[in-house]
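Visitor: The lines below spell out each chain.
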Amino acid sequence: MTLDYKGATQKYEPTLGLEVHVELNTNSKMFCSCATEFGASPNTQTCPVCLGLPGALPVVNGKAIESTILIGLALNCSIAPYSRFARKNYFYPDMPKNFQTSQYDEPICVDGYLDVEIETEDGPKTFRVDIERVHMEEDTGKSLHVGGATGRIHGAEYSLLDYNRAGIPLVEIVTRIIPGTGKYAPQVARAYVTQLRDILRALGVSDVKMEQGSLRCDANVSLAPIGSGLLGTRSETKNVNSLRSVERALTGEIERQANRLEAGMRIIQETRHFLEESGLTRPGRSKEQAEDYRYFPEPDLVPVTPDAKWIEELRAKLPENPADRRKRLQKEWNVPDSEMTSLINAELVDVVEETIKLGAEPTRARTWWLGEISRLANEKEVAPTSLITTTFVAEIIALISSGDLTDKLARQVVEGVVNGEGSPAEVIEKRGLKVVSDDSALMVAIAAAIAAQPDTAERIRGGNIPAAGALIGAVMKATGGQADAAKVRELLLRHLGQG
Amino acid sequence: MTNIHSTAAEMASALSKKEITSVELTKAHLDRIADVDGKLHAFLYVDSEGALVQAAEVDAKRAKGESLSPLAGVPIAVKDILAQKGIPTTAGSKILEGWRPPYDSTVVAKLKAAGVVILGKTNMDEFAMGSSTENSAYGTTQNPWDLTRTPGGSSGGSAAAVAGFEAPLAIGTDTGGSIRQPAALTGIVGVKPTYGGVSRYGVIAYSSSLDQVGPFGRTVLDTALLHEVIAGHDERDSTSINSPVPQVVAAAKRLDVKGMKIGVIKELSGSGFQAGVSARINESIELLVAAGAEIVEVSCPNFEYALAAYYLIAPSEASSNLARFDSMRYGLRVGDDGTKGAEEVMSATREAGFGKEVKRRIILGTYALSSGYYDAYYGSAQKVRTLVKRDFENAFTKADVLISPVTPTTAFKIGEKSNDPVAMYLSDIATIPVNMAGIGGMSLPVGLAEEDGLPVGLQIMAPLMQDDRFYRVGGTLEAALLSKWGKPILSTAPDLAVKK
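As you go down the protein sequences, you meet chains W and R in turn.
Just so we're aligned, residue 1 is where the first sequence starts under the numbering used here, counting upward by one.
Just so we're aligned, residue 1001 is where the second sequence starts under the numbering used here, counting upward by one.
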């Protein structure tokens, strides 16, 4: 009988370990001044250093060190006063020097942690993920294997090499083993990578785009019978290209391992490749025999010895933890969880906060970003933030709040701004969007009140002026108390031939 | 009358006085190369056209009255391990045959900027691994003093070019003695600057923590003039030292050692050194005493382990540095018939492209870095390195400079040691500690050994970034020797010229 996920986790305890690779968004590469822009023509962003030409030497990118220290600090790590680069030696065509310059036994950041919160059957629960190390290294080039069934090097007719990525600064964030997550292991992993992504984004050190590979997660998991206190043999799943995939890959891998164990087979220590379509993993490189990378300290580079004062300056610059910030904003804005989640998922928290800071009324700021602007963005298949600035949104909201625009007119203004017709003021001017008067807005409400209470209206027409109170009350209620009652009275009486 | 036998300083002076043009001087050297290099085989590539273009540019600038660097217009030979844009650069290896670098090494760029005219690239042991140039994939260089003997190595081509009057100056590199040993064996001056004193950018790496570029000249002053052109901080070399270049030209001209303490290293004298070598060293010591220096004996007990440690550290780094020669991006490619995988082609290329000594060191280094052996080999070797440094530090508390012979023997016969690697390795026994400690050292010609009439070199060593000290001592001793002999020893070398 095969075990499903539930069955698997009722019998086996998963132990996680996560390795996240982050491409830093520095303007230049780790050890040379080549550009790092994503998607450039192959081999156009290369030089003697990142091509590993004979004689070329590396020089460490100071900005990359700063970014790595910021990451370490944000993950509660200690920053080593002395750390070194080492050479990891192995042959592969997309690695120009046939060694990777990486930190090994002397990493720059050690011993941190990240608290991640997930929803469980018993409500929110926090897991502490211990961070073993955060270190710097350089990325390799990219190989494209042409021909052959698998797209892998074996069986390919030929391979194309692009060294644009070679030497892009990478930071590797390695957790210690994460025990005790039980059936929530995949959720904890996803929450960890999500929070990590949010932190990296808040730090501004990476594009953190999993689909472009600027954030990559290798998910290690092993199983042991519940209560055994043992640690099983782990597999390492690669090619996990989205947050959702982190969860899916681990769920699938836990099931697979459990069923192997059930069938009396052992788990092979290997890397596995996540298959997006099926949610399954296929075997990759065996790690049964540890590869000998012949690490030794990189003699072409001097040790990294960040000044303690500089580290403290960087610590002072750290942004608020994104998780804490969200809790604070949710409270300030007084919005329900569901709406906060929508804002987070749509990546609109920052712009909404900024729009509010620019004076916009909080409810309107959220509604406009999440509603009309997101709708237009969906149509155009772009990010809402690329359509319109927070300043313009705040201006439009101010005009709505002052009664100078109705929602309907405001939508036209937004559309005009998005279409490049200029600022909100220019759009209003050009489109001749005659700013609506208070009177006409109120008249709509008055007409509605009359329609709802025709008898009262008849009495007023007949000269019973005090009866107007009931209709005025209805209009005030309909306008949320925002209308000027004297004005309502004047308009109502005039409309009913008593003004 | 300025000619190819003049010193670089004399050539520079004649050029600045417009007694001769750089084009004339360059042509004279190209003629000499055409005449004698068939015997010496010092050059792997002669860039006649490029040299004459460069010379004409310097002449044009001089004609316009532009201010020029002191060595502008003087020719030079460059070891084939320094990248020069567009010029074949092989490091003496088949694996780089036909490779033309797309960039200039910092030293080549500095030479060009200073108007020093680059005649061509000189022969060397493959990837600087050797002490005789016999490991070159392109044939052995002969010693101008005796064509049956080696000029030393690995910078043997550069040394032979200068000693054979093919160039007044040359650039070499020194990882374990590769400038000082050939300088000693050919009777010229060679300097390994302090590690980090000259940029390594563009120098094909053998052992990154030991490699250093340095100058060759026929006099101490010439060598100093070149040293100041190539030295200085380079932001493209992280290990280059960011502090002012020692004033070596001024030091070379000082001609005074009064009150200086000169330490004789006990472990590098006496037994193990050829009698004629020791005799010349002792004579030099007497001349230094006569010039007012004080001699002290110092002990460096850990030097005996330096050679063994060197042959772990250098091959370890080399095994990694030479990994990039895999046929994928440049250089030789063997076996790519469309049926083989990348790994097979890499393997076939490395099998065919590397020579025996290079393979020996790659295997040695790969082994020494392997897990399980790392601590015993690479780790222990690094400890020895620290001990060697301490030996020097202690010695320099007692002396301003240290001296020793450069080599145990004078130039050996071609083929004499080529089948005995350890015997070959021993010829660097006195020079290796300097590289291990990262300090600078000079090889100064101090006469000929009585038994074979071949040049003997004295090694003068100074603390980190105090390179001016060995120029001061070297310049003083050179003057004393010149007045003793009446003429430079190199003028007694056989005349190789065919054309008279």
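For the record, the hints were derived by calculation from the structure and aren't laboratory data.
Careful: at least some of the hints might be erroneous.
Here are the computed lysine-lysine pairs in the DSS-like style, where the Cα-Cα straight-line distance is at most 25 Å [claimed, not checked]:
id : chain 1 : residue 1 : chain 2 : residue 2
1  : W       : K88       : R       : K1110
2  : W       : K125      : W       : K327
3  : W       : K142      : R       : K1383
4  : R       : K1484     : W       : K88
5  : R       : K1085     : R       : K1253
6  : R       : K1110     : R       : K1266
7  : R       : K1110     : R       : K1253
Listed next, the stretches of chain R that the computed footprint assigns to chain W, with coverage defined by at least 3 CB atoms under 8 Å from CB atoms of chain W [stated by the list, open to error]:
id : stretch
8  : 1009 to 1015
9  : 1141 to 1149
10 : 1217 to 1225
11 : 1467 to 1473
We put the CB at the ideal spot given by N, CA and C, even for glycine.
Visitor: Now, for every hint given, state plainly whether the structure supports it.
Guide: Evaluated hints:
The suggested pairing of K88 (chain W) with K1110 (chain R) is violated, with an alpha-carbon distance near 33 Å, which exceeds 25 Å. With a C-alpha separation of about 15 Å, the suggested pair K125 (chain W) and K327 (chain W) falls inside the 25 Å cut-off, and the hint holds. With a CA separation close to 39 Å, the supplied pair K142 (chain W) and K1383 (chain R) exceeds the 25 Å bound. About 57 Å separates the Cα atoms of K1484 (chain R) and K88 (chain W), which puts this hinted pair outside 25 Å; it is violated.
Proposed proximity of K1085 (chain R) and K1253 (chain R) is contradicted: the alpha carbons are some 35 Å apart, above 25 Å. Between K1110 (chain R) and K1266 (chain R) the alpha-carbon distance is near 39 Å, which puts this suggested pair outside the 25 Å criterion. A hinted pair counts as satisfied when its Cα atoms are at most 25 Å apart, and K1110 (chain R) with K1253 (chain R) qualifies at roughly 23 Å. For the stretch 1009 to 1015 of chain R, the stated coverage by chain W is not satisfied: 0 residues place a CB nearer than 8 Å to a CB of that chain, which falls below the threshold of 3.
Here the stretch 1141 to 1149 of chain R counts 0 residues with a CB under 8 Å from a CB of chain W, which misses the bar of 3, and the coverage is violated. For a cut-off of 8 Å, the count of residues in the stretch 1217 to 1225 of chain R with a CB near a CB of chain W stands at 0, and the three-residue condition is violated. Coverage of the stretch 1467 to 1473 of chain R by chain W is violated. Counting CB-CB distances below 8 Å, 0 residues qualify, and the rule asks for three or more.
Violation of the numbered hints given earlier is confined to hints 1, 3, 4, 5, 6, 8, 9, 10, 11; the remaining hints are satisfied by the structure.
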